Amino acid sequence: MSSPYLYRRIYVWELPVRAFHWINALAITTLGLTGLLLGKPFSVGNAQEASFQYWVGTVRFIHFTAGYVFLFNMLVRTYWGFAGNKFARWSTFIPTTRAAFQEIVEVLKIDILQMRVKGSIHIGHNRLAGLIYFITTFIFFFQALTGFALYGPMSRTILGKLAAWVVPLMGGEMAVRQWHHTMLWFYVLFTLVHVYLVFYHDYVEGRGTTSSMVGGWKFEREDRLDP
Amino acid sequence: MSGAKHTLWAVMRDKGYSRRDFMQFCTFAAAAAGLGPGASAAVAKAFEKKARPPVVWLHFQECTCCSESFIRASHPIVADVLLDAISLDYSETLQAAAGHQAEKCKADTLKAYAGKYILLVEGSVPTKENGVYCTIGGRTAEDLLKEAAAGAAAIVAWGNCASYGCVQAAKPNPTGATPIQKLVSKPVINVPGCPPIADVMVALVTHLLLFGRAPELDAQGRPKEFYSRRVHDTCYRRAYFDAGMFVESFDDDHARKGYCLYKMGCRGPVTYNACSVTKWNEGTSYPIQSGHGCLGCSENGFWDNGPFYRHLPSFPGFGIESTADSIGVALGAAAAVGVAAHAVSTNIRKRKLIHEQVAEDVKNTSKSEKVD
Numbered sequence: 001m002s003s004p005y006l007y008r009r010i011y012v013w014e015l016p017v018r019a020f021h022w023i024n025a026l027a028i029t030t031l032g033l034t035g036l037l038l039g040k041p042f043s044v045g046n047a048q049e050a051s052f053q054y055w056v057g058t059v060r061f062i063h064f065t066a067g068y069v070f071l072f073n074m075l076v077r078t079y080w081g082f083a084g085n086k087f088a089r090w091s092t093f094i095p096t097t098r099a100a101f102q103e104i105v106e107v108l109k110i111d112i113l114q115m116r117v118k119g120s121i122h123i124g125h126n127r128l129a130g131l132i133y134f135i136t137t138f139i140f141f142f143q144a145l146t147g148f149a150l151y152g153p154m155s156r157t158i159l160g161k162l163a164a165w166v167v168p169l170m171g172g173e174m175a176v177r178q179w180h181h182t183m184l185w186f187y188v189l190f191t192l193v194h195v196y197l198v199f200y201h202d203y204v205e206g207r208g209t210t211s212s213m214v215g216g217w218k219f220e221r222e223d224r225l226d227p
Numbered sequence: 001m002s003g004a005k006h007t008l009w010a011v012m013r014d015k016g017y018s019r020r021d022f023m024q025f026c027t028f029a030a031a032a033a034g035l036g037p038g039a040s041a042a043v044a045k046a047f048e049k050k051a052r053p054p055v056v057w058l059h060f061q062e063c064t065c066c067s068e069s070f071i072r073a074s075h076p077i078v079a080d081v082l083l084d085a086i087s088l089d090y091s092e093t094l095q096a097a098a099g100h101q102a103e104k105c106k107a108d109t110l111k112a113y114a115g116k117y118i119l120l121v122e123g124s125v126p127t128k129e130n131g132v133y134c135t136i137g138g139r140t141a142e143d144l145l146k147e148a149a150a151g152a153a154a155i156v157a158w159g160n161c162a163s164y165g166c167v168q169a170a171k172p173n174p175t176g177a178t179p180i181q182k183l184v185s186k187p188v189i190n191v192p193g194c195p196p197i198a199d200v201m202v203a204l205v206t207h208l209l210l211f212g213r214a215p216e217l218d219a220q221g222r223p224k225e226f227y228s229r230r231v232h233d234t235c236y237r238r239a240y241f242d243a244g245m246f247v248e249s250f251d252d253d254h255a256r257k258g259y260c261l262y263k264m265g266c267r268g269p270v271t272y273n274a275c276s277v278t279k280w281n282e283g284t285s286y287p288i289q290s291g292h293g294c295l296g297c298s299e300n301g302f303w304d305n306g307p308f309y310r311h312l313p314s315f316p317g318f319g320i321e322s323t324a325d326s327i328g329v330a331l332g333a334a335a336a337v338g339v340a341a342h343a344v345s346t347n348i349r350k351r352k353l354i355h356e357q358v359a360e361d362v363k364n365t366s367k368s369e370k371v372d
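As they're listed, the protein sequences go chains G and B. Per my numbering, the first sequence starts with residue 1, numbered consecutively. Per my numbering, the second sequence starts with residue 1, numbered consecutively.
With the rest of the complex left out, here is chain B (with noise of 0.2 Å):
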C-alpha cells in the first residue's frame, strides 16, 4: 500500500463514495469523538487535508475476536472506510501480501514513517521459554512488538489479551502471557473486552485520526469515554436491584420478568464498559438485555474470578465450593463453640476462687473495721 500520502477523501472517492457519504462519515465521526453539532464540517475539512496515517496491526496471542468485532461496526461505511482509509499496511489477519512480501512491507512503514504510523495490537504476548509460543516469520512476538512500538506515534491494546492478559494469563499461565503495556515503555490505550464493542473501537481510531492523539484516558489506561461507567449503573434493569427484585434461578418468574440478576453472578458491579449503552450488533442488544448476566469481560483477570454463575469467588486453597462466606460462618461457629468451652471451663474452675474471695470480703470488712 503506497496511497499513505493520501487523504481520507481522496481515498474515498477513488472507492466511490459520493460527497453526501463523505459528510455523513465526518458527521458520525465528530458525534464519535464527542463533538458538538457544528463540528463535522471541522472534521471533513481535517479529513480533506490530512494525509491519512499509515496503521500496523500486529496479532499475538489471540483468537481474532477483536478484528471480526471491529469489521462489523454499526456503521458499516465506517468499517470500510477506516480499514481502507487508516492505509492499513500490516495486519496478518487483513493484508493482501504473505511471507516476505508482507515482512518487508511492514519493515518499509517501520522506517519511512518512524515515529507517525499508529501501532494497533491484538493479544497477549508469552515471555516464558524466551518466548516460543508465539512466533511470526521466525522472531518471536515480544520482539515484534518491541520493533514496532519504538516508532509508534500511538499504541492501541485491543481487547482485553493484550490489555490484561485475557485467558492466556489464566492461572496457571502457561506461556507467561503478558499485556502490551507491561511489555513497552509508551502509554498504551487499553480497549478491553472480549472482544471490545465495534462501535468503541472505530470511535477511538476516528479520535486517533482526527485529533492525532489519545482521548482522556483513565488509570488502567482506558478511553474514559467509553470506559468510566460500570454496566451496573448503566443497567436497564438497575431499578430491579434497587428494589430488591432478583432472578434466583434461570428458569424462574423473575428470570422471565427481567428481573435483576445480581444473584445469578452478573459481574455488572464490577465492570466498565458501555454495553448498556452502545449495546451491540447495530444497538441491538447485550447480555443482560438477553437474560444472562455480565461476564466482566472487560475486566482485568475476569477468568480468574470464580464461577460466573456465583457472585462471590472461590476462596483458593479451601476447594472449589467454598466461599469467604462458608469459610466465615465455619469459623464463626468454631470461635462461639471455643468461647462457650472456654465460659464453661473458666467457670469450674472459678468455684475455688470466688470461695477464696468472699473469705477475703469478710476478712477485709472485719479489719477495716478494726482501723476505724
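Just chain G, with the same shape it has in the complex (with noise of 0.2 Å):
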C-alpha cells in the first residue's frame, strides 16, 4: 500500500477523561510507591527517640490521601462513563458485537504476532485495551475496597465503615492486607505494559496514541473514517 491518504483530526478524549488519566497514574503512582515502603519500611536517620522523626506516619498519610484521591476520581469516571462522548461510555469498553470480538483478535495478532495493521482498529480504545480496562475497573475497586476496610478502623470515616464486611469476608485483617499488597503487583505489571503498548501501537498504527493523552486529539485515514 502506498497511494496517498488524507488524515482527519478526531477528538478522543475530553478533558474529564484526560483529567481522570492523569491524576490516577499520579495516585497509583504514589499509593504503589508508599504500599511498598509500608510493606517493608527500612529503619533511617540515627535519631535515638521516636519522638525525633515520623517519617512513617507521613508515609502512611501519604498513602491514605491519595487512596481518596484515587477512589473519588476512579468514581468521577464512572460517572463519565455515562455522560461523556462515545470514546469515554462504558459501551466501548464491553465487547458485545461480533465487529468488537474480530477486533480483540486483530490487536491480539498485532501485539503478540507483530502482524501488520490491516483493518481499522477503533480510534477509541481499541477493543482488546477497553475490554481490559474494563477488568482493571474491578481491580480498582477492589483495591479502593480493600483499603478503606484495613483503613476504616483507625479513622472515623463514613467508607472505612462501609467496606468494613469485606474483613469477616476474606476471614480476617491479615488476608485482606494480604490481597491488598499482592494487587499492588498487578499495577506495576499494567504499568510496565501498558505504557509499551501505547508506545508501541503509537509506533504501528501511527495515530497520534501517546500525545492524544495531552491534548486529546487522534489521527485516523479519511478512508477510515466511520460514518
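Rather than coming from a laboratory, the hints here were simulated on the basis of the structure. The model shown is predicted, which means the values in this text are computed figures rather than measured ones. There is no bait here: all hints are sound.
Straight line, CA to CA, 27 Å or less: simulated DSS-like cross-link-like pairs of lysine-lysine: (1) B:LYS49 x B:LYS15; (2) B:LYS15 x B:LYS116; (3) B:LYS186 x B:LYS111; (4) B:LYS350 x G:LYS109; (5) G:LYS161 x B:LYS224; (6) B:LYS257 x G:LYS40; (7) B:LYS111 x B:LYS182; (8) B:LYS146 x B:LYS116; (9) B:LYS186 x B:LYS224; (10) G:LYS86 x G:LYS109; (11) B:LYS49 x B:LYS111; (12) B:LYS350 x G:LYS118; (13) B:LYS50 x B:LYS186; (14) B:LYS50 x B:LYS116; (15) G:LYS161 x B:LYS186; (16) B:LYS45 x B:LYS116; (17) G:LYS161 x B:LYS182; (18) B:LYS104 x B:LYS116.
Stretch-level coverage of chain B by chain G, calculated; a stretch enters the list once three of its residues show a Cβ under 8 Å from a Cβ in chain G: (19) 220-232; (20) 235-244; (21) 261-272; (22) 291-304; (23) 332-338; (24) 342-350.
Far from chain G, by Cβ distances over 10 Å, these chain B residues were calculated: (25) ASN130; (26) VAL132; (27) LYS186.
Beta carbons are placed, not taken as given, at the ideal position from N, Cα and C, and that holds for glycine.
Reconstruct the complex from the two isolated chains, following the hints.
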C-alpha cells in the first residue's frame, strides 16, 4: 500500500477523561510506592528517640490521602462513562458485537504475532484495551474496597464503615492485607505493559496515540473514518 | 448445686466475705462494665436482689487454656466469686460431680432454667464423620451444643477455638472443626484469643450478670469494649513505628532499645485485642513489651497466616518461601524482559515498513502538489 492518504483530526479524549488519566496515574504511582514502603519499611535516620522523626507516619498519611484521590477520581470517571462522548462510554469497554470480538483477535495478532495493522482499529480504546480496562476497573474498586476496609478502624470515615464487611468475608485483616498487597503487583505489571503498548501502538498505527492523552486529538485516515 | 435462687450477696456472705469485700467487688464490676463512679451502689443493689443465673460451661475441642486464664483474673475475688456465684451447674473441668451425676445435673439445669441460663462454650465442634472426633457421655459435641443452646439466655464463645476454630481448624482441618456461631442460630458473643485475657472474660461475665444482656458487639460478635482497637494502635512502641525505627533481628541493638517489631512479623497491625491496654497476669506485661511480636491469636485463622516472624504470608501454591513480593518482582522482571524483546523485534521488523512509509510520503507530497 503506498497510495496517498488524507488524515482527519478527531477529538477523542475529552478533558475529564484526560484529567482522570493523569490524576489516576499520579495517584497509583504514589499509592504503589508508599504501599511498598509501608509493606517493607526500612530503618533510617540516626535518631535516638522516636519523637525526633515521623517518616513512616507521613508515608501513611500520603498513602491514605492518595487513596481518597484515587477512589473519588475513579467514581467521577465511572459517572463520565455514562455522560461522556462515545469514546468515554462504558459501551466501548464491553465487547458485545461480532465486530468487536474480531477486533480483539486482530489486536492480539498485532501485539503478539507482530502482524501488520490491516483493518480499521477503533479510534478510541481499541477493543482489547477497552476490555482490559473494564476488568481493571474491578481491580481498582477491589483495591479501594480492601484499602478502606483496612483503613476504616483507624478513622471515623463512613467509607471505612461501608467497606467493613470485607474483613470477615475474607477471613480477617491479615488476609485483606495480603490481597491488597498482592494486587499492588498487578499495577506494576499493568503500568509496564500499558506504557509499552501505548508506545508500540503509536509506532505501528501512526495515529498519535501517545500525545492523544495530552491534547485529546487522534488522527485517522479519511477512508477509515466511521460514517 | 441447688442454690441458684440465692443472690450473689447471699452466696458471698455464706463464703465468708465481708460487706467491704462485697462493695469492692461491686465497684470493680461497675468499672469493668464501664459505668460511672456513682454506679457501684446500684450494682450492689442488683447483686443483693437478683438471683444469680445458672451457668453451663461446655468444653469441646480445646486445651482448657481459656479456663486456666479465667481463674487467673487480676482480682482473685472476682474469679472466685464469679465461679462460685455464677452457680456453675456444669463444667467438665471444674465440677465436682462425675459421670451420670454430672450429666443429670446438666439435664436438670437445662430443664429447670430453660431460657434463663448462660451458656459458655470453650472449644470448637468437629463436624466431619458425624462428629466422632469429640464425644462426651456418648454424644457428639454438636448434639450437646445444640441441646444446650436451645434454651440459653446468652451464648458466649470463649477463645479462638469457639470463635473461629483456632488450631484445630487450621488447614487441612482434619476434624472439620467449626466455630460455635456457625452451628447455632442464636447470636453468639465471641471472646477470641488464645486464651482470651482473664480480665476481659471476667468483665464480660460481670456485664451479663449485671445487665442480663450482652454488651455492645461489633460485626464479628466481639464486645466492642475490648476488641474495637488494634494492638498496633494502642501499643506503647507505636511511636517507633511512625518514626521508622525497627528491630531488624532479635539480637540487634534496636531490639535491646525496644524499637517497633513490625519487621519481625508482629501481627499488631492486624489484630484486635486489649493486650496493650489491660496487659496480662495482673497487668504485668504483654508479648510486645516482653520483646516478641504479637502472634495475632485473637484473629480468625491466625495459624494459617504464614510464618509468625514474617509480615507477609507465604503465597499459596508457590512454595514456602515465596511471598507476594518475590512473585511480583519475578513477574515484573519477566514483563520487562518481554517488553524489551518485543521492542527489539518490532524495530527489526519495522525497518521495511518505515522505508515504505517514507516512499509513500514522497509520493504524497508530489501528488498533493499536483492537486494544488
